[in-house]
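Peer 1: Listed below are the residues making up each chain.
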Amino acid sequence: MRRLPAVLGYALAALALPIVLATFVGLSSWETALVRATGVRVSPWFTGGEVAATVSHGPYETRIHEPVFQALFGERREGFVQLVVAPADSLPEVVDEAVDYDLDGSVDFRLRLDTATDSAEIDATDPRVIGLQSVTRLDDGVAVRVAVRNARR
Amino acid sequence: MNGETRARAGSGVPRMGVLKSLLFGLPMMLLTALLITGGQAVPKDPLLLVSVALTWVFFNVSFFRMLTTGRTFALRSTLFIAMAVGFVITFTTALVSARGSLALSGADVIQGKTPFCHLVIPAVILPGIITRTIVFPGSLVGTFASIGSMFVIWIGATLALGKAWCSWICFFGGLDEGFSRIGRKPRIRSISRAWTYLPFAVLVAVVLISAVSLSPFYCEWLCPFKSVTEFPAVTSSLVLVQTVIFVALFLALVVVLPLLMKRRAQCGLFCPFGAFQSFANGITAFDIRIDPGACTECGLCVRTCPTFSLTEESVKAGKTLITCTRCGKCIDVCPAGAASYHVKGTGPGASRTAARVLFLMPAFLFLSAFGGGMISTALWRLLKLATTGSMF
Amino acid sequence: MQALLLGLASGVTCLAYCAPVLVPLVLGESRGAARSFGLVGQFLLGRLAGYLLFGFAAWATGRLVATADVHGGLAFGVTYVVLAVLLILYGVLRPRRVCAGGGERTRRFLARWPAALPAGLGFLTGVNICPPFLLAFAGAAGSSSVWGSLLFFLLFFVGTSVYVLPVAFAGAFSRFHAASLVGRLAAVCIGLYYLYVGVMLVATEVAL
Chain A
157 MRRLPAVLGY
167 ALAALALPIV
177 LATFVGLSSW
187 ETALVRATGV
197 RVSPWFTGGE
207 VAATVSHGPY
217 ETRIHEPVFQ
227 ALFGERREGF
237 VQLVVAPADS
247 LPEVVDEAVD
257 YDLDGSVDFR
267 LRLDTATDSA
277 EIDATDPRVI
287 GLQSVTRLDD
297 GVAVRVAVRN
307 ARR
Chain B
46 MNGETRARAG
56 SGVPRMGVLK
66 SLLFGLPMML
76 LTALLITGGQ
86 AVPKDPLLLV
96 SVALTWVFFN
106 VSFFRMLTTG
116 RTFALRSTLF
126 IAMAVGFVIT
136 FTTALVSARG
146 SLALSGADVI
156 QGKTPFCHLV
166 IPAVILPGII
176 TRTIVFPGSL
186 VGTFASIGSM
196 FVIWIGATLA
206 LGKAWCSWIC
216 FFGGLDEGFS
226 RIGRKPRIRS
236 ISRAWTYLPF
246 AVLVAVVLIS
256 AVSLSPFYCE
266 WLCPFKSVTE
276 FPAVTSSLVL
286 VQTVIFVALF
296 LALVVVLPLL
306 MKRRAQCGLF
316 CPFGAFQSFA
326 NGITAFDIRI
336 DPGACTECGL
346 CVRTCPTFSL
356 TEESVKAGKT
366 LITCTRCGKC
376 IDVCPAGAAS
386 YHVKGTGPGA
396 SRTAARVLFL
406 MPAFLFLSAF
416 GGGMISTALW
426 RLLKLATTGS
436 MF
Chain C
176 MQALLLGLAS
186 GVTCLAYCAP
196 VLVPLVLGES
206 RGAARSFGLV
216 GQFLLGRLAG
226 YLLFGFAAWA
236 TGRLVATADV
246 HGGLAFGVTY
256 VVLAVLLILY
266 GVLRPRRVCA
276 GGGERTRRFL
286 ARWPAALPAG
296 LGFLTGVNIC
306 PPFLLAFAGA
316 AGSSSVWGSL
326 LFFLLFFVGT
336 SVYVLPVAFA
346 GAFSRFHAAS
356 LVGRLAAVCI
366 GLYYLYVGVM
376 LVATEVAL
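Chains as they are written, first to last, in the working numbering: chain A, 157 to 309; chain B, 46 to 437; chain C, 176 to 383.
Honestly, the hints are just simulated from the structure, not real lab data. Just so you know, these numbers come straight off a predicted model, no measurement behind them. Cβ atoms here follow ideal geometry from the backbone N, Cα and C, with glycine treated the same way. It cannot be assumed that every hint is accurate.
[What the hints assert, rightly or not] Taking CB as the label site, the calculated pair distances span:
(1) D270(A) x V289(B): 31 to 41 Å
(2) I286(A) x A353(C): 38 to 48 Å
(3) N306(A) x L367(C): 24 to 34 Å
(4) N306(A) x V289(B): 31 to 41 Å
(5) P289(C) x R232(B): 19 to 29 Å
(6) P174(A) x L99(B): 44 to 54 Å
(7) A98(B) x P174(A): 19 to 29 Å
(8) E231(A) x A190(B): 24 to 34 Å
Starting from the given sequences, assemble the full structure and let the hints guide the process.
Peer 2: Take a look at the structure:
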C-alpha cells in the first residue's frame with residue numbers, strides 16, 4: 157500500500173511518452189474528433205455568419221448571411237449583415253441591387269458596389285440599417301458588411 | 046551505480062555511460078526521424094535533404110549529450126533558441142510566399158486564414174464554453190496551425206508535460222531566452238516579487254475582456270510576438286496604437302529586459318498563457334525537488350532561475366513554485382547537486398536517473414516533433430539564400 | 176445558466192476581493208465552526224444585497240442607453256471611464272478595512288446589531304467594482320426587464336459564492352495575499368483598457 161503512490165507516479169510518468177506519440181501520429185484524426193465532439197464553430201463576428209439566402213443573378217450570385225448580433229449572453233443591440241458577391245471573375249463592373257437581408261419580403265437597403273475599386277454605397281430604406289461598415293476583396297468574391305440594429309432588442 | 050557516475054564531486058547530476066545512453070538514444074533516433082519528417086518520404090531536393098539530416102543530427106547529438114553529461118539546461122536552451130529562430134524564419138517566409146506580406150488583411154480574417162497560436166487558448170475557452178464559438182479568425186480543421194490541431198497539441202503537451210511547455214515547446218519562448226543568454230553578468234539583479242504576479246493579472250484581464258468583447262484581446266492589444274510574425278495591416282489609428290504597443294512590448298520584454306536581467310522577462314513577468322499553464326503543473330507526473338539535506342542555501346538557484354520560480358521559502362520547502370517550466374537550470378547550477386527531476390509519489394531518495402530519463406524522453410520528443418520541422422525548413426531557406434541568392 | 180457559469184468561472188477573482196475582508200473577520204471573530212459559518216452567512220447576505228443593487232443599476236443603465244439612443248455612445252463612454260477610474264484606484268490603493276474597534280458610537284451600534292459588521296462588509300464587497308463585475312454588468316445591462324437583471328446578478332452571486340463559502344475554514348491565509356495582489360493588478364490592467372474604450376467612445380460622440 158505504501159508503494160502505491162510511487163507505482164502510480166511511475167505509471168503516469170511512463171504514459172507521457174505514448175501521449176506525445178499519440179498526439180502527433182494521430183493529429184489529424186484527433187483534431188476532427190475534437191471539433192465534432194465540441195460542436196464549436198468560428199465566431200460569426202469573423203466569418204460573417206451562416207448563409208441565409210442566395211440570390212442568383214445569372215453569371216454571379218449574392219449570398220446574404222444571417223445578421224450577426226452575437227454577445228456573450230443573448231444578443232447585442234447592434235451588429236452587421238454580410239453580403240458576398242461571387243465568383244470574382246464573373247462580377248459586373250457595378251453591382252446594383254435591392255437587398256432584403258431579414259427575408260421579410262421588403263427591401264431594407266440598396267447596394268451599389270463598384271467591383272473595380274471595391275467601394276460601395278448604401279441607400280437604406282429600413283431604419284434599422286445604420287450604414288456601410290466595410291468592403292473586402294476575398295479570394296473569389298467581394299464581401300460587404302452593413303451595420304444594422306437588432307430588431308429583437 | 047551501473048552506467049551512472051557523478052559529473053563532479055558533490056554535484057549529484059546523474060550521468061549515463063555511453064552504452065546506456067545509446068540504448069535510450071536509439072529509439073529516439075528512430076522516433077525523431079519519423080516526427081521531424083512528418084512521416085513523409087525522403088526529400089528529393091538536395092538542400093532540403095541536407096537540412097533535414099543536419100537537424101536530425103543536431104537533435105540526437107544533443108539528446109545523447111544530455112544523457113552522457115547529465116547536463117540539461119545549456120543543451121535544451123540551444124535547441125529551444127534554434128526552434129524559435131527557425132520558427133520566425135519559416136513562418137515569415139511562408140507568409141511572404143503565400144500572401145506577399147506579413148500583414149494580416151480583412152480578407153484573411155473573413156476567410157479564416159489566420160494561423161491559431163497557443164497564446165490565445167486561455168482567451169477562447171470561456172466564450173467557447175458559453176457561446177460554442179471560437180473567438181479567433183482561424184480555420185477549425187485541415188489547415189496549417191488550425192484551431193483543432195493546436196488544441197490537440199496543447200492538450201497532449203499539457204497532459205504529458207504541464208508547464209514544461211514553456212521551456213521545451215513554445216516557439217516564442219526561445220526568443221527571450223536567447224536574449225537572456227547574451228552577456229555574462231546581469232545589470233538588474235533583483236526585482237520586487239510582486240511583478241511575478243503580473244502574468245496572472247494579465248491572464249484574468251485577457252480572459253474577462255475577451256469574453257465580454259468576443260475577440261482575442263491579447264492578440265489584438267498585447268502580444269509582443271506580432272513583431273516577428275504577422276500583424277494587422279495598419280489601416281486606422283486604432284491599429285497604429287496597437288502596433289506601437291506590441292512593438293514596444295517586444296523591445297522591452299523580449300529584448301531589453303532579458304538582456305539586462307539575464308532572465309526571461311516576457312515569460313516570467315507577462316505571458317498570460319504561461320500563467321494559465323502553471324495550473325497544469327498539478328496534473329503531470331513530474332516536478333523538480335530540492336533535497337533540504339544537501340542544500341547549502343547558497344541561493345544561486347533563486348538568483349538564476351529564468352522564470353523566477355524559486356524563492357528562499359520554496360527552496361527550504363524543497364520545491365519550486367507552480368510557475369516552474371522544468372528548464373533544468375537550477376539542477377545544473379546547484380553546486381551541491383541538491384536539485385533534481387522527480388516523479389511525484391516517489392520518495393526523496395528515489396532514482397534521479399529514472400526520473401530524469403522519464404521526463405527527458407517525452408519532453409525532447411515533443412521539442413523535436415514541434416521544432417524539428419521549423420529548424421529544418423529555416424535551414425533550407427538559409428541554404429537556398431546562400432546558394433541561389435533568394436530564400437524562395 | 177450563463178450567469179451561473181460566469182459566476183463559477185470568475186469566482187476565484189471574486190474571492191481575491193472578498194477574502195482580504197472576510198478572512199480577517201473570520202479569524203478575528205470566530206469562536207468555532209458554527210460561528211464561522213454564521214459570520215460567512217451574514218457576509219454573504221450583505222454581499223447579495225450589494226449584488227442585487229448592482230443588478231438594478233445595470234438594468235437602469237441599459238434602459239438609459241436604450242431610451243436616450245442618440246447619446247448612447249456618450250453614456251456608455253462616460254460609464255466606462257468612471258468604472259475604469261474606480262478599478263484603477265482600487266488596484267493602486269490598498270482597500271481600507273472597517274475597524275470594528277473604532278469609536279464609542281460604532282461599538283454601541285455593533286453591540287446592538289452584531290450582524291451589521293459582517294453584513295456591512297459583505298455589502299461593500301458586493302458593490303465593489305471588481306473585474307468580473309464589469310463583465311456581469313455588461314451582460315445584465317442588456318436585459319430588457321428589471322427582473323432579468325436582478326435574476327442575472329442573483330445567479331452570478333450563487334456562482335461566485337461557491338468560492339467564498341470555504342473561507343469559513345480560513346486556512347492557507349498566505350495564498351490570499353497572492354490572490355489579492357493578482358486581483359488588484361488585474362483591476363489596473365482592465366481599468367486601463369476600459370479607460371481607453373470609454374475615452375474613444377466619448378471622443379467619437381463629441382466629434383459627431
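Peer 1: Each of the hints needs a verdict: does it hold here or not?
Peer 2: Now for the hints, and whether the structure bears them out:
{"no.": "1", "hint": "D270(A) x V289(B): 31 to 41 Å", "result": "holds (34 Å)"}
{"no.": "2", "hint": "I286(A) x A353(C): 38 to 48 Å", "result": "holds (46 Å)"}
{"no.": "3", "hint": "N306(A) x L367(C): 24 to 34 Å", "result": "holds (30 Å)"}
{"no.": "4", "hint": "N306(A) x V289(B): 31 to 41 Å", "result": "holds (34 Å)"}
{"no.": "5", "hint": "P289(C) x R232(B): 19 to 29 Å", "result": "violated (57 Å)"}
{"no.": "6", "hint": "P174(A) x L99(B): 44 to 54 Å", "result": "violated (29 Å)"}
{"no.": "7", "hint": "A98(B) x P174(A): 19 to 29 Å", "result": "holds (27 Å)"}
{"no.": "8", "hint": "E231(A) x A190(B): 24 to 34 Å", "result": "holds (31 Å)"}
Hints 5 and 6 from the earlier list are contradicted by this structure; the remaining hints agree with it.
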